[in-house]
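S.K.: The residues making up each chain are set out below.
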Amino acid sequence: MLFGGVLALDDVELAVDAGQVTGLIGPNGAGKTTLFNVVCGLQPPTRGQVALDGDDITALRPFDRARRGVGRTFQRLEIFGSMTAYENVRLGAEIRQQWDRSWPDPDEKAAEVMARVGLWHVADERADALPTGHARLVELGRALAAGPRVLLLDEPSSGLSEDESDQLGLLLRDLAGDGLAILLVEHDVDLVMGVCDRIHVLDFGHILAVGTPGEVRRSEAVQQASLGTTAAV
Amino acid sequence: MDVEKLFVFLTIGVSVSAIYAVSATGLVVTYITSGVFNFAHGAIGMFLAFVYWELSVNQGWPVPLALAVTLLVIAPAIGVALDVLVMRRLVQGASLATKLVVTLALLVVFQGAVLGIWGVELRTLPAFLEGRQYSLAGLQITYHQTITVLAALVVAFGLRFLFKRTRLGVAMRAVVDNPELCAVKGLSPNVVTAASWAMGSSLAGLAAILIAPGLNLEVNTLSLLVVSAYAAAVVGRLQSLPATFVGALILGVSGELVGAYVPAGNEWLANLRPALPFVLLFVALLVRSETRLPEKLKTHAEPAPPPLRTGIVLGGLAVGVALTVSGGLSPFQLLIGSKGLIFACIVLSLVLLTGLSGQVSLMQMSFVGIGAVLVGKLPEAFPYPVALAVAGLVTGLVGVLVALPAVRLRGIYIALSTLAFAILMDKIVFGNRDVLGGGTTLAVERPNVFGLDFSSERALFVVLAVVAVVFANLFLIVRRSRFGRLLTAVRDAPNACQTLGMDVTRAKLKVFFLSATMAGVAGAFFGGLQSRVGQLDFLYFRSLTVLLVATIFGITSVSGAFLGAAFFVVLPELTRNADSAGGQALQPLIIGLLAILTARRPEGLAGRLRAALRPALRRVIGFRPVASRPELPIELSTTPEIDIREVGTVGAAR
Amino acid sequence: MRRYLRLLAILVLPVLVGAACGSRLPDKTLETIDAELTGAGTRQAGSDQAFAPRSGETTEVAPGEAPAELTTTSTTTAATGAASAPAGAVATNCRPGAATSPGVTPGEIKVASIVTDSGPLPGATEGSYRGAAAYFAMVNSQGGVCGRKLTLVKGDDGLDPARARGEFLRLEPKVLGFVGSYSVADSGYVDLIEKSKVPYVGLPIDPSGRRLANVFPKTREDIINTGPFAWWKQQHPKVTKAAILFADVGGVAANIDGTAKAMQKAGFQLVEPPIAVGVADPDYTGQVRNLQDKGVEFVYLFAFEVNMHVRFNRNMRQQRYEPEIKGSNVAFNDRFSKLLKTDGDGWENNLAYLPFLDPGEAKRSKPVADFLAWNQRVFPGSQLDLFNVAGWGRAAMFVEALRKAGGEVNRTSLLQSLGQVPVYDDGGIGVKIAQPSGAIDRCFVMARHEGGSWKRKHPANGYECGLGETLKFK
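Protein chains in written order, with the working numbering: chain A, 1 to 233; chain B, 1 to 654; chain C, 1 to 474.
Warning: the hint list may mix true and false statements.
[Said to hold, decoys possible] Computed footprint of chain B on chain A, listed as stretches where at least three residues anywhere in the stretch have a Cβ under 8 Å from a Cβ of chain B: (1) 39-51; (2) 72-78; (3) 92-101; (4) 134-147.
The set of hints was computed from the structure by calculation and includes no laboratory data.
In this text, a Cβ means the ideal position worked out from N, Cα and C, and glycines have one as well.
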């Protein structure tokens, strides 16, 4: 993926399975957000494909991919700032209902998601007044309200306290248990190690290592490359 | 094929291209570095051309000295001042609408400043080495033309050197995406942006000084010509300087070749030449493909819309008041009032498009014009309601057409697209004799429905009050609806909407259709109010002014629309009494400065008023904002850490 | 003549190109006028120019109205002792009667002039107001009309039709009529001129206003004087190939036919139909090359604004194009000379106005002297142009009709008298147009730019009325 002259991703292959939480870790600027953008269609790849359930969706526009079940959150928050947290979540369901008549009443869906993610306590706060951590949760809730099959999460725990992080971890495992395929990009290595079934390690455009948390922890390549990743913000 | 003739025009074309290139480059440099598309670029250049005139002609300074002072001292000073005082304070991370409004306001302020300082006498700037020319390969080339080309080359190579080889240059390229990187390189981002604005100003000034000798040193001409340079900048994708130069070359040469070879008789073709830059702009937008993501920008507070019942009651009251009061007003006062009501409708269409949905339209008055012209052109036999419907729908379709090329691109391109279209319409459509019927104006009938004739000033006033109330309620209905929320979502975070499954393009096109339809219907009434419409009524500059005034008073609300319309109509009456020159400068200065001051708050002055009045209102009307969500049964809260809020609270005040 | 006036005026339409003619009132002038009007002037009575000292007041239009209009008022009964015997003819029933019409009081007659002053084309037609105001000042200094002083209220349309309409609605109830209006944006009120039947002594720019019964003077748009072209043919018998270029603005194109036919009647051959030229074009090299290629020896520029003319001239120089005859119909102010100086030499102009030709005109013609003197007196330092001439002329026609109408004047009687004025000639400084037929005669003056300024070329004085014919072309 060429980007202003700099090769952001070079020959990256990544698979995410239903019912599993797949982790993606690596230093800042390694290209993780770019990967997300390519997968959900906001940026076109220079080469390569994106496939969902075996179908090639590389040519599909972002909203078409979303309608096939690809959902995501954003590292640089893309929250609907002028609305409340509740309204944000509900909008996820409202958008879905626009093209999918069978989707339940948005208010019901929103209530369900708010409860599941644990957002009622900020329900009536304006989204752009929320601290980052809660805002990220709202984004997660909003994505869930649209009923995705695949969920790409870009640093969802950033700004959360330890306890909240743990809660998030539980939620993710719960969602995976419901059959979602989750791709988790994170800085919080502990969270990743604790939650993921499989981890990919990315380093400036290449996959360094792939495996279970244990395997990755022991991998030499990763140890070399990750000197200093824990220091990254 | 006359080769010599071809070369004559190529030569002129290259010299004109050089000027476009210099101007467009300045624009692109500031855009790359600060993320702001400076609509005031041309106006700043114009201002500097006047300064140069003042020094070199009026004060009699030697040309090199005047040039140096203007471009190397005054221009950078202006640029840095703009950056420090305006851009940094207002614009960082601000919404697109805010950024645009601020630069548009600056455009208006600079024009007002020129009028205020130098008045309105026509002046001309002598060319460099005026009148002298030399022979090259059989062609007559003036020294001035040669100087323009040299200037462009110096700019091109100078900037290339700057961006590739100097620290400052590299920092300038990086600072938008990566401010931390600049800090690492040892240059504060502030210094970098200040430098780029200084550079942008100087380039704007240079371009204006180079092109002014061919024209009058006059406010409107110069500003407009530099608008043509936008097309070159767009061809350069607002990021690549070499591509910008190519764009400028295409622009300049094609303009000359059209002038040379297009047969003179045809009126449509004759109007094509001045419109060519804008046609090119349009084409460039059509073939653009976007690789960079739209930026995520700041969002602002929304006023809670009143419930439907309140809207209807207040509306009915308003019409009642209009009916009673109108009996006692003179025709002149009725005219002013009617004008205000119509502008309220026009502003409401903008509130829907720009305020609610975040799509900046710089051509609202053009939509109004289309509506007016359509009603004027339709045969008398058509019943008025049908004519209205036609006016609205056709205008709506035009709105979709204009938005189509640019809707999938960044918001700035939509704004540019509308601007280009507005100018195109001014020249090709509204300037066309066939369109406006023989003379220079077109008659437009007043409403008559079911045999009732509403053409008296009083009847028209009441009809317009009804129309305004309908428009206001229509807007409120949209605002409260799901569609309204979807539009707000598109405004706040278009990327997120895409990834949630919304066809954002279609949503934008829908709102353009709706807004243009509203403006078209308002246009039908506008035409009727004036009885005759002409080219002057729908000029692009009026669209800019309407947008600015709407923003000052609050582009997100109904009350903002009405207050803004009142201001728009009353201001000329107030400033008319000022001394001629002062009066002319006063209006743009007031509007421009107010817009800059209020730009950060889209809720505008109306919003402030409402906030101040809200406690009183609550007591009087018992007005409660609409609930944003249904009440919540207590059992749904699950995790122990989460506080169980008082769930009876509905729609907290913002 | 009238036609050209109109068309030249239409030039000011394109906002975007700032084609402005005439100049703004210098800031100082307002104070000077006030000083004048309050009798601070130092002129003494006695000369036949009637520079009588006046005690004046600045009156307002109505209580509560904005006081920005300039009014020229004066009472002169004290000054020269010739209380009610001005130089002009007096109607026998001149006793001031009761007020029977808006704008008429025992001591004063009030009319209004709507012009384009502020806005995108500042000062565009303000000269028309000033010319009329100057004429009124002159008449007032001679005792007014039937003992009433004449007041002119100014309206300003700001180049905005809606605002023009507003001005009309505001002023019409208060005045006897409109005199010397020249509103580029009058499309906003032409329908009201018709509806209100108010006497309108001015030229509506919107064509639908020109045929109205209550609009004066009457003009015809289907005849043209071929005199100038006949003269040109006389002077250059061998020249045949000609071309007309016209400013592509508003209603100009509709009137170009006449000129084309006149040229052809005079024996020239147009190499192609009249060519529309963009007002905002920075460069006319294309047109120049075209003319060169076709061997055009007589180029005629129609309704070119001064700066367009300057540019065209520059392009001609660059391409070394020097046709034998360079004709135009633009010479209404001296900007051409200021900008081009001797580079403008060789251009010949058939729409010359006597006041602008050379200072000597004032000695040869009293109306011209009056025009120059009174404009200078009331508005010192302002630049004169064709709009001043128009305003002056309209005011003259109005006063003539007013005198005929007598002391008990109202709108109806004024309209009647206007219809009886036999000739319109810009208050003596322009060519004659028969009224109410609108028929013109064959008179013209040709000027040539020589030595950096416009000079009379033909005839040696007065008008040439013996060449060519009045050609009906529609």
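S.K.: Work down the list of hints and note, for each, if the structure agrees.
M.R.: Taking the hints in turn, this is what the structure says about them:
1. Residues of the segment 39-51 of chain A with a Cβ under 8 Å from some Cβ of chain B number 5, which satisfies the need for three, so the listed coverage holds.
2. With 5 residues bearing a CB less than 8 Å from a CB of chain B, the segment 72-78 of chain A meets the requirement of three and the coverage assertion stands.
3. For the segment 92-101 of chain A, the stated coverage by chain B holds: 6 residues have a C-beta nearer than 8 Å to a C-beta of that chain, and at least 3 were required.
4. Only residues whose beta carbon comes within less than 8 Å of a beta carbon in chain B count, and the segment 134-147 of chain A has 4; three or more means the coverage holds.
Violated hints for the displayed structure: none, as all numbered hints are satisfied.
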